[in-house]
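K.L.:
Working from the sequences, and respecting the hints, build out all of it.
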Amino acid sequence: MGVSGDRKGSRTEPLDTGFERFVASASPALLRSAYLLTGDRGHAEDLVQSALLRTLRRWRSITGSPTSYAFSVLVNLSHDRGRAQRRRPVTAPARELPDRAAPDQLGRLLERAAITQAARRLPRSQREVLACRFLLDLTVAETAATLGLAEGTVKSYTSRALDRMRELLADDARASDGEPSEVRHAD
Amino acid sequence: MLTDEELIDGLHSELAPLRPPADLVERLRAQAGADEGRRRSILGTSRDGRPRRVRYSLGVLAVAAATVLSLAIAVGALVLIGHRGPSPQAARHANRPGGPERAPTLAQLEANFAVLRRPQTAADRAARLICSRPCSEHAIPSLTRLARTLPDGSRVFLSVWRLRTSELHQPPGSYVLREIVVPRHRAAIIAAASIPDVPFVVGGNFYGLPSANVSSNAPLWTAVVPDHVTSVRWTFSCRRGGVPQPCRGRAASSLMAAEVTVSDNVAAARIPGTGRGHAGATFTEWLDTYGREIASFSGAGGGTTFPMLEKSLTARSRLRVTLTAAGLGGIRFGASPARLQQFLDPQLGPANGGYQTVRSCRVDRVLSWPILVDPATGLARTEELELFFGHGHFVGYQYGGSVLAKRGGGRHLRFHAVTAGGLALGDSIRVARGIYGRAFQTSEAQGGSWQVHTAQGTLRGYAYDPSTYGHVSSRSLVASIDAGDVGCPSVTP
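Keeping their order, the protein sequence lines are chains A and B. Residue numbers for the first sequence follow the working numbering, so the first one is 1 and each next one is one higher. Residue numbers for the second sequence follow the working numbering, so the first one is 188 and each next one is one higher.
The hints are simulated quantities; they were obtained by calculation from the structure and are not laboratory data. Watch out, some of these pointers could steer you wrong.
[Stated by the list, open to error] Using C-beta positions, here's what the derived DEER-type ranges look like:
(1) B:ALA626 to A:GLU151: 43 to 49 Å
(2) B:GLY516 to A:GLU151: 38 to 44 Å
(3) A:ALA141 to B:ASP551: 20 to 26 Å
(4) A:GLY148 to B:SER523: 23 to 29 Å
(5) A:LEU53 to B:ALA309: 24 to 30 Å
(6) A:ARG60 to B:ALA513: 33 to 39 Å
(7) A:ALA24 to B:GLY516: 28 to 34 Å
(8) A:ARG60 to B:HIS658: 30 to 36 Å
(9) B:ALA513 to A:THR63: 31 to 37 Å
(10) B:LEU189 to A:ALA141: 22 to 28 Å
[To be verified] Calculated Cβ distances over 10 Å to all of chain A for the following chain B residues:
(11) GLY197
(12) PRO208
(13) ALA219
(14) GLU297
(15) ARG342
(16) SER418
(17) THR422
(18) ARG457
(19) SER547
(20) CYS548
(21) GLN643
Glycine residues also receive a C-beta, built at the ideal position from the N, C-alpha and C atoms.
P.N.:
Right, here's the structure in full:
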């Protein structure tokens, strides 16, 4: 039993078998998408868990793709998280706070992953489109419906995101070779 | 140069080691079970979904009937004795400038002490019973508050007095905030002289040091502090005016300090080994939520001016905006951005970055102003007012404290926004409940949040307690005030 299951007052109840199958198949891709949006493994896990729980509450009334539904909840949760973080003061001077939790071995691996880091530096909207199209394998139409965008916008975001990642990777390669590089922060 | 396919494959392979926790399904099961249990307890249904049948005993029914009867008698009595709430005289005084230059006006006192802004309760009104001449001649009844009941049963009242003659080093017509400590066993007091009235006065001659009621071995030290001071640190020593004095107790050999939490604008603690013949309070520090010093006072020199009142209230007096569930000030949702800019630009200057495009559900444009609020104490808070628009119409706003105590992070503006009920940023949940009663609800969602349903709609925001992130208690602070559409809400789709 997990940590939450041991809590006083909580009760373990059977989940819908269809939902369990959905969790097993979709959660890895959702987690990777959440990581792309937050850049923090712990937060990504929290977001996925919350998004799946909310999906479970509406499980029987979801008409379209449950993956799209869960992802749009996840995107909204990540927006809310960003907003909530901005609205609360920090409790210690910034220099005393680490940017994020100390990375574990996997965290370090992800920190070194060049393509992932390039994707993390894209604007949020482009990251959302990348996650939908390439991590969740949604079609252009499904991505447009999930994110509330026009199909043309999805295509242009995808194209711009890939071009920008190429530029960033090239900049990084030049920097590691000791050449001066153009410093541009897209996000 | 990598092709599209290589980039996508690379992203897949780099993120491949990232896998959900093995017990994800178990966690979801447990959380779903807990949610279901909560839902049943709220709806009053049994596990099979049928409404639970509630049986009341005769005793419970009798108590309920007696309560209803006593309430009816109390309401009748209030009507008969002509309870009229704040007197017109008091209301007139609120708008008049204070008499002497340094004495705070009534409006200033209300703006700096949240305890005065909350509605009066029956417990507050009980002070009338214990307050006879001369207190009854000076005290404004509608501005008496029971600030604290201490563990030993002593009650700390705060009372606003309007002086008719020159007293307490103040000229006639001055308003002073007085603290009155009433011991547990005193139910009624015949004369003000017989109560251990702690002579703590917020006025022109304010003393930052706490005062002691030394009737027992562990004297009760109390002090009145304004909003945004969340704790005080008192230092006790055997010195009087900088000169060492013989005294007993621990402080006789070394300095002794106590940090005391503030609640409802009052710091109070029993501190053994202090008081008469022992160590006295010689230094006070006011601390904010983050433990930073806001102001400090030493015993030397006696009275000083009350530090927060003058500058912060001058700053607040320029633009006061009422935040409602239907709009901002007199401007309701649906208004054009030009109308809001016309209203706010003269005071706040042009919006940060202009009329910016965003994409967040029904919100497509945003106007925002960073506001540096410096209450003249060395503590700078950056707040932000964001207005949201959808298809060219005002659809929502968010007013929130944010970021670090960083000087130069925003414009220093004279701006003060409160809800129609009087709730301001930084007020505690306790104050909010005092204003809105049971309609004010909190939730642990999103690291702590609150909402209140008003006649015009719903006001909501984040709650914040730096010591217990995510847990909302009566000490948590209001971190933001929102209404309308503020972008993608997490509860959708």
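K.L.:
Work down the list of hints and note, for each, if the structure agrees.
P.N.:
Structure-based check of each hint:
1. B:ALA626 to A:GLU151: 43 to 49 Å: About 45 Å separates the Cβ atoms of B:ALA626 and A:GLU151, which means 43 to 49 Å holds.
2. B:GLY516 to A:GLU151: 38 to 44 Å: Hint holds: Cβ distance 41 Å, inside 38 to 44 Å.
3. A:ALA141 to B:ASP551: 20 to 26 Å: holds (22 Å)
4. A:GLY148 to B:SER523: 23 to 29 Å: holds (24 Å)
5. A:LEU53 to B:ALA309: 24 to 30 Å: Taking Cβ atoms as reference, A:LEU53 and B:ALA309 lie about 43 Å apart, which means the hint is violated.
6. A:ARG60 to B:ALA513: 33 to 39 Å: Distance hint for A:ARG60, B:ALA513 holds at roughly 36 Å.
7. A:ALA24 to B:GLY516: 28 to 34 Å: Violated - the Cβ-Cβ distance for A:ALA24 and B:GLY516, about 53 Å, lies outside 28 to 34 Å.
8. A:ARG60 to B:HIS658: 30 to 36 Å: holds (32 Å)
9. B:ALA513 to A:THR63: 31 to 37 Å: Check passed, 34 Å falls within 31 to 37 Å.
10. B:LEU189 to A:ALA141: 22 to 28 Å: holds (27 Å)
11. GLY197: For B:GLY197, whose nearest Cβ neighbour in chain A is about 4 Å away, the distance does not exceed 10 Å, so it is violated.
12. PRO208: violated (6 Å)
13. ALA219: violated (6 Å)
14. GLU297: About 25 Å separates B:GLU297 from the closest Cβ of chain A, which puts it past 10 Å; holds.
15. ARG342: holds (33 Å)
16. SER418: holds (14 Å)
17. THR422: Check passes; 24 Å lies beyond 10 Å.
18. ARG457: Fine: 29 Å to the nearest Cβ keeps B:ARG457 off the interface.
19. SER547: violated (6 Å)
20. CYS548: For B:CYS548, whose nearest Cβ neighbour in chain A is about 7 Å away, the distance does not exceed 10 Å, so it is violated.
21. GLN643: holds (23 Å)
Going down the numbered hints, you'll see the structure goes against 5, 7, 11, 12, 13, 19, 20, while the others check out.
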